[in-house]
Amino acid sequence: MTDQTASALGTDEATVIPRARSSGMEKLLRIAIPVSMLVLAVLAWHIIIVVNEIPRYILPTPVDVAKSLYTDWPTLFPALLVTLRITFTALFLAVVGGVTIAIILVQSRWIELALTPYVVILQVTPIIAIAPLLLIYTSASTTLLICAFLVAFFPILSNMVTGLKSVDHNLLNLFELYGTSRWETLINLKLPASMPYFLTGLRIGGGLALIAAVVAEFTAGTAGAGSGLAFRLLESGFRLNIPRLFACLVLLSATGVAMFGLTSFISWFILHRWHESALKREN
Amino acid sequence: MDLNAPSPADLAARPVVRMQHVTKVFSNGTLALSDMTLEVRAGEFVSLLGPSGCGKSTALRIVAGLGDTTTGSIDWPSSRIRPNGLPEDDIGFVFQEPTLMPWATVFANVWLPLKLKGVSKRDARPRVMEVLDSVGLADFATAYPRELSGGMKMRVSIARALATQPKLLLMDEPFAALDEITRQKLNDDVLWLWRETGITVIFVTHSVFESVYLSNRIVVMKARPGQVFLDMPLEVLTKRDADYRLSDEYAANTRKVSQALQQAIQKGAEA
Chain A
0 MTDQTASALG TDEATVIPRA RSSGMEKLLR IAIPVSMLVL AVLAWHIIIV VNEIPRYILP
60 TPVDVAKSLY TDWPTLFPAL LVTLRITFTA LFLAVVGGVT IAIILVQSRW IELALTPYVV
120 ILQVTPIIAI APLLLIYTSA STTLLICAFL VAFFPILSNM VTGLKSVDHN LLNLFELYGT
180 SRWETLINLK LPASMPYFLT GLRIGGGLAL IAAVVAEFTA GTAGAGSGLA FRLLESGFRL
240 NIPRLFACLV LLSATGVAMF GLTSFISWFI LHRWHESALK REN
Chain B
0 MDLNAPSPAD LAARPVVRMQ HVTKVFSNGT LALSDMTLEV RAGEFVSLLG PSGCGKSTAL
60 RIVAGLGDTT TGSIDWPSSR IRPNGLPEDD IGFVFQEPTL MPWATVFANV WLPLKLKGVS
120 KRDARPRVME VLDSVGLADF ATAYPRELSG GMKMRVSIAR ALATQPKLLL MDEPFAALDE
180 ITRQKLNDDV LWLWRETGIT VIFVTHSVFE SVYLSNRIVV MKARPGQVFL DMPLEVLTKR
240 DADYRLSDEY AANTRKVSQA LQQAIQKGAE A
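Going down the list, the protein sequences come from chains A and B.
If you read the first sequence in numbering that gives the first Met the number 0, its first letter stands for residue 0, the second for the next number, and so on.
If you read the second sequence in numbering that gives the first Met the number 0, its first letter stands for residue 0, the second for the next number, and so on.
Careful, some of the hints might be misleading.
[As the list claims (entries may be wrong)] The calculated DSS-like cross-link candidates involving lysine-lysine, where the alpha carbons are at most 27 Å apart (straight line), are:
id, chain 1, residue 1, chain 2, residue 2
1, B, K116, A, K189
2, B, K184, B, K238
3, B, K116, A, K164
4, A, K164, B, K114
5, A, K189, B, K114
6, A, K189, B, K120
7, B, K255, B, K266
8, A, K189, A, K164
9, B, K238, B, K255
[Stated by the list, open to error] Derived contacts from chain A toward chain B, CB cut-off under 8 Å, selection only:
id, residue
10, N169
11, L170
12, L176
13, R272
If you are wondering where the hints come from, they were derived from the structure by calculation, not from laboratory data.
For clarity, every value in this text was computed on a predicted model and none was experimentally measured.
Here a beta-carbon is modelled for each residue, glycine too, at the ideal position from N, C-alpha and C.
Could you put the whole structure together from the sequences, leaning on the hints where they help?
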């Protein structure tokens, strides 16, 4: 249906108008402009350092960072995998937990009333502050996972609850009229209707999971094989290996971009056919 | 087997639905309906006409089983009854808004009532396409609601209500938000569907013109409390089409109904 648009004029006549294709030039520019901005920034970074003769141990050039990325790859890659694993496992658990608990919460006012204090307390407490405590009871990697999970969990939970509660009441009436069971109403109506809210929660939660994985590792980091990028970053700082610190930062940034890209794509994929937030408007 | 169970022919001769002394008090204390009694016979096109706040929508929702009566009862003399008190025959309901699922195609929206009864997409296809065709939207099965105009959305909503071949169609001011031209066109479509299917319709409206154009019985309601003020059958000799709108008969009928409505409004204001 993407190539058909029915006119919403006063009469009930539907005219089929082929949607104007964005020209090839526009598509090219859409990629070329941000890429060239990025290249320009990197070039400027390089030139400033060379012209001002800034020492490498204070601010490395992009070339130094690239070199470090290449030579330190055997240390950096396992660390990247650790951070990726923690972030995505935490996000996955947050999605499963957040959606499940949201569904339970909206089943009855009493359940919501009973659980609200815990939800509020856990949400307003800076979760990273419990990392030292968690370290007493569990391993460092589990601590990171729990912290990242809790931080990603709340935006997903609260958005999902709002979504489940915002279902069009006429549609709810319609399902009631057909004598639909709770389960069928959930599957056919409430879950699809709350998708825009859930996906907002997912985008926020995805970003926060990475932040929490890094910050928790700053607090509770472990040395050795199990360490993630945040620990390698701190370590590089202590050793004044500034190019490697930058390399860690580049990898973290890339992870963040990948997370943003992935969650945005999921959101677009689910919503682009029907939701205002993902629609192209011609006027 | 219950030997006293009425035969199908017996059932068909009885009224479709009967509201008996129905009173409805909302939780905030508002008396929406008071002692309302109404009997609708098979094949009738009944308009509930009245000022806003006279409880006509409330009455319709109670008939549909959306909300209980405070006192009084709803009977379905011509139907077998399900454990939840509603008839086994489906009820079609058209809301004021199109109330479509924006994430689903036109086809999926119309399929919904059948899907909820366990009919697979494949088995439902002929019926869904048939009702879509009857509202003139067969070419739009794969469109999404946002791609349709207001009038077309309303047609999808009507198609959905008819998908399960209900005996009774309830319409709650379905065309109030549409422009005059679209509204007249949809009125004609509803009339055509009514004649084709022989369905019983209860149509809530606040438009005298709409009620006179469509129905063969007009129930004028008054407000505070909501009650039947006047129950008038409307025999129309002219064929109901564009010419009828210009005819003297139409003018006389609208005058008669307008007078009744005015009296109902006055009565409500005195209370």
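Do the alpha carbons of K189 (chain A) and K120 (chain B) lie within 27 Å of each other, as the hint requires? Judged against 27 Å, a Cα distance of about 20 Å means the pair holds.
Classify the hint on L170 (chain A) as holds or violated, based on whether any CB of chain B lies nearer than 8 Å to its CB. 6 Å, holds
Starting from K184 (chain B), check that the Cα of K238 (chain B) is at most 27 Å away, please. Roughly 16 Å between the alpha carbons, so the hint for K184 (chain B) and K238 (chain B) holds.
Let me know if the C-beta of R272 (chain A) comes in closer than 8 Å to any C-beta of chain B, holds or violated. 6 Å, holds
Does K189 (chain A) lie within 27 Å of K116 (chain B) when you go C-alpha to C-alpha? 18 Å, holds
Given the hinted pair K255 (chain B) and K266 (chain B), is their alpha-carbon gap at most 27 Å? Between K255 (chain B) and K266 (chain B) the Cα gap is close to 17 Å, so the pair holds against 27 Å.
Agreement of K116 (chain B) and K164 (chain A) with the hint, judged by alpha carbon distance not exceeding 27 Å: Within the cut-off at roughly 25 Å; holds.
Could you check if N169 (chain A) really has its C-beta closer than 8 Å to a C-beta on chain B? Holds - the Cβ of N169 (chain A) comes within 8 Å of chain B, reaching about 4 Å at its closest.
Can you confirm whether the C-alpha distance between K189 (chain A) and K164 (chain A) stays at or below 27 Å? Distance ~8 Å between K189 (chain A) and K164 (chain A) Cα, so the pair holds.
Under the criterion that the straight-line Cα-Cα distance not exceed 27 Å, is the pair K238 (chain B), K255 (chain B) satisfied? Holds. K238 (chain B) to K255 (chain B) sits at ~19 Å (cutoff 27 Å).
Mind checking the alpha carbons of K164 (chain A) and K114 (chain B) for me, to see if they're no more than 27 Å apart? Holds, because 24 Å separates the two Cα atoms, which is no more than 27 Å.
Within 27 Å, alpha carbon to alpha carbon, are K189 (chain A) and K114 (chain B)? 16 Å, holds
This entry satisfies every hint, going by the numbered hints stated previously.
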